[in-house]
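Asks: Here is how the chains run, residue by residue.
Number of protein chains: 2
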Amino acid sequence: MKALVYVGLKPGVLDPQGRTISRSLNDLGFDEVTGAFQGKVIELNLKNSDEPREAIQARVEQMCEKLLANTVIENYRIELKD
Amino acid sequence: MKALVYVGLKPGVLDPQGRTISRSLNDLGFDEVTGAFQGKVIELNLKNSDEPREAIQARVEQMCEKLLANTVIENYRIELKD
Numbered sequence: 009m010k011a012l013v014y015v016g017l018k019p020g021v022l023d024p025q026g027r028t029i030s031r032s033l034n035d036l037g038f039d040e041v042t043g044a045f046q047g048k049v050i051e052l053n054l055k056n057s058d059e060p061r062e063a064i065q066a067r068v069e070q071m072c073e074k075l076l077a078n079t080v081i082e083n084y085r086i087e088l089k090d
Numbered sequence: 009m010k011a012l013v014y015v016g017l018k019p020g021v022l023d024p025q026g027r028t029i030s031r032s033l034n035d036l037g038f039d040e041v042t043g044a045f046q047g048k049v050i051e052l053n054l055k056n057s058d059e060p061r062e063a064i065q066a067r068v069e070q071m072c073e074k075l076l077a078n079t080v081i082e083n084y085r086i087e088l089k090d
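Those protein sequences? They're chains A and B, same order as listed. Using my numbering, you'd call the opening residue of the first sequence number 9 and step up by one each time. Using my numbering, you'd call the opening residue of the second sequence number 9 and step up by one each time.
Check each hint, because a few of them may be wrong.
Identical copies go unnamed one by one, so any copy, or any two together, can satisfy a pair.
[Claimed, not checked] When the alpha-carbon atoms are kept at most 27 Å apart in a straight line, the in silico DSS-like pairs for lysine-lysine are as follows: (1) 89 to 55; (2) 55 to 18; (3) 10 to 55; (4) 10 to 48; (5) 10 to 74.
Worth flagging that the hints you see were computed from the coordinates, not collected in a lab.
Model the full structure from these sequences, guided by the hints.
Replies: Written as structure tokens, this is what we have:
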């Protein structure tokens with residue numbers, strides 16, 4: 009089983025990386041770009057288990073809270089895949 | 009319109025970041041994690057245009073080739089959203 013974790017900055021948090029991307033694309037002639045935000049995706053391979061999906065989801069949430077996301081400034085979203 | 013660009017390492021490319029995540033999760037007691045890979049997501053805001061979807065997709069592909077991805081070691085995937 010796989011878990012995809014999307015981590016991105018909370019709205020309102022300064023995103024210099026996104027602004028750099030946006031400005032660089034404009035400089036390269038891509039004028040249609042009006043904004044950019046960069047986040048990360050973490051793909052986790054998980055051992056197959058008989059636990060219910062809710063329990064697995066809860067474990068991955070713990071991983072986010074403890075390690076994968078800085079919840080002061082970042083949001084996360086989890087997607088489980090068989 | 010929005011474009012989501014997912015950029016990740018090609019298979020076979022050494023991923024020290026992913027290995028660190030995987031090992032750290034194991035150390036924290038999450039034994040079910042057998043592997044981890046980290047990639048990035050770039051969300052682009054695009055001006056609304058009358059161009060066909062294929063043309064917009066082609067432009068975003070150019071952005072990836074020129075700036076967003078290092079195609080020697082990275083793959084990318086584009087998703088357009090209205």
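Asks: Is it within, between, both, or neither for residue 55 and residue 18, if the alpha carbons may be no more than 27 Å apart?
Replies: Classified as between; 23 Å across copies, 31 Å inside a copy.
Asks: At most 27 Å between C-alpha atoms: does residue 10 with residue 48 qualify within a copy, between copies, both, or neither?
Replies: Both: 16 Å inside a chain and 17 Å across chains, each within 27 Å.
Asks: With 27 Å as the alpha-carbon cut-off, assign the pair residue 89 and residue 55 to within, between, both or neither.
Replies: within (12 Å within a copy, 33 Å between copies)
Asks: Since the copies are identical, ignore which copy is meant and state whether residue 10 and residue 55 lie within 27 Å (CA to CA) inside a copy, between copies, both or neither.
Replies: within (9 Å within a copy, 35 Å between copies)
Asks: At most 27 Å between alpha carbons: which applies to residue 10 and residue 74, within, between, both or neither?
Replies: Intra 19 Å, inter 31 Å, cutoff 27 Å: intra-copy only.
Violated hints for the displayed structure: none, as all numbered hints are satisfied.
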